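Visitor: Chains as they are written, first to last, in this note's numbering: chain A, 70 to 245; chain B, 4 to 419.
For the record, the hints were derived by calculation from the structure and aren't laboratory data.
Calculated pairs, DSBU-like style, for lysine-lysine (alpha carbon to alpha carbon, straight line, at most 35 Å):
| # | chain 1 | residue 1 | chain 2 | residue 2 |
| --- | --- | --- | --- | --- |
| 1 | A | Lys107 | B | Lys89 |
| 2 | B | Lys85 | A | Lys107 |
| 3 | B | Lys85 | B | Lys95 |
With the C-beta cut set under 10 Å, the calculated list includes, among others, these residues of chain A facing chain B:
| # | residue |
| --- | --- |
| 4 | Ser71 |
| 5 | Phe77 |
| 6 | Phe125 |
| 7 | Leu135 |
| 8 | Phe139 |
| 9 | Gly155 |
| 10 | Glu193 |
Nothing here was measured: the structure is a model prediction, and the numbers come from that model.
Even glycine gets a Cβ: it sits at the ideal position worked out from N, Cα and C.
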Amino acid sequence: MSDLVLHFVLFGLAGTVLVMLPLLLGRLVRPTNHTPEKDAIYECGEPTIGSSYVQFDLRFYTVALLFIVFDVEVAFFFPWATLYGGATQLADSQLSDSARIELTDKVLNLAPGTADAATAISAETATTLSWVGFADILVFFGVLLVGFAYVWKRGDLNWVRSVGAQRAPHSGRTAE
Amino acid sequence: MSLVLANTPIDLVTEGLGLTGAWAWFVVAVIHTILIGLFFGIPAGVFIWAERKVSGRIQDRLGPTRVGGRFGWLQSAADGAKLIQKEDLVPKDADSLLFRAAPYIVVVASFAAFMFLPFGDGWSAVSTDVGLFLMFAMLSLEVIGVILAGYCSGSKWALFGAMREAAQMISYEIPMAICALIPIIIVGSLNLNEIVRFQSGEGGFPSLTLLNWNIFHPIAAPAFILYFVCATASCKRAPFDLAEAESELVAGFLTEYSGMRWSFFFLAEYASMFAVSAIAAILFLGGWDDGVGIVSGLRSSGHEYSASAIGAVILIAKASKLVLVQIWVRWTLPRLRIDQVMTTCLKYLIPMACALFLAAATYPLVLNRANHGRTDLRSPIGDRVPMRAVEASEAHAVLAAPDSTELAAADGEVTQ
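Using the sequences plus the hints, can you model the full thing?
Guide: What follows is the structure, encoded as structure tokens:
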């Protein structure tokens, strides 16, 4: 763990230096000649109108909500996938015994060299394990898919939403 | 966790300097940082030049021809020298602090992602059992810098670019992550090192390890294409470059940036193009494996170092090919509209990725029933790892790490 943290810190520092160094170097050679026009923001050459901190379309918010639902679930798929991969490899009837022993250690999260020929997971057991894992993910993924179908049906995935269709129930007002 | 970028040489260096314990670890980490820094900076510069050259050729021009003699190969360096001399402009309406901070976030995030890339067997700065996950996490931090850059510029163009980028990134990350899961289901490991080992094979030169690559798995092959589309979008490359969209948003989130600060966004963009391409090569195209058994043959005959060095060249070549494809696509396809971008992702790519995910989970079970208990049509995946008991822990014994027992246990996990 300390190794990872040390690397994170060093890479962060190195990245910072990588950006800072040319900017500091540039300070020595670049001109500084500000004018009000240069310091203004660009709006196609016209004087700017109003602040840029404006209200934003609600659609972006919907997308962000969708992302939370999906991406959090996908994060949970990763640990499942590592175990499921190990289990399906063990379920292979032609897997050599030495590989079976090592994969057993990995799937059961034991220290390497713990399992031996007697305690290694057999192909039949691994097949059962794979089916259980498959059933688990079907339930988990099913819930996600139901949510996705609901959002789709509701029309939240449509980027272009016709105002006309939404107004259709009160069509009397749009006639004029 | 192993500290094995060029395993033996670094150990020899630290031993030769008489370093032990925490100091040795520190020196090794610094060497990692410098080496990976080169792998971060140099490809990015080369790809910026390549982009100009390729775009020139595609548009029937020559591209840069003068700087550095033939082919203008020093063009990126010349651009850098010019950009350093440019005036430093921060708009009056911008949030000065955040405006200056954004390039740092972008560069640090994409640089940190390189920490987990294995260039050869064991040649990564940090080899951890959650490598792929951490790498994706680092790569998606980059978008925060982009959004910050757009939001704090004080310009409406920049704000529009940033909001589009946010919506696009968070949408495309979903199918990208699901597609990256499919090789994980096949090999059962998140360790980037191990993922490649499961795709290489035992044996000497004339052995077809090529067939072990995930791209030849019936489910992973379409997943590769899907992943690559999403990866292109997540690097905000054309046809998905809505964040910049120079013909409609001036330059999107980059509108107010100029000079050196502007160029860091491009440095990070090209570096993360290389990073996602390297992930694609590792997950689907066999990483450092050459496909005919040269690397694995060298390794099993004891030439660890040359095997890893050749492997690094192969991985970089594969990743560079994929970057060239991204460049080629950029200059070939027209940009999509924002609604098309979102529809492509939410209504096409996500359902396709979900279907592939279910197919990948079902495939070994169905095959197990139909194919006499086999879960793969090729050789058993668990048998493909070459050099099963790598004697790497021996090399590590030199370094008496601060918490040596814990690390020794972790080493064992990685090198099994």
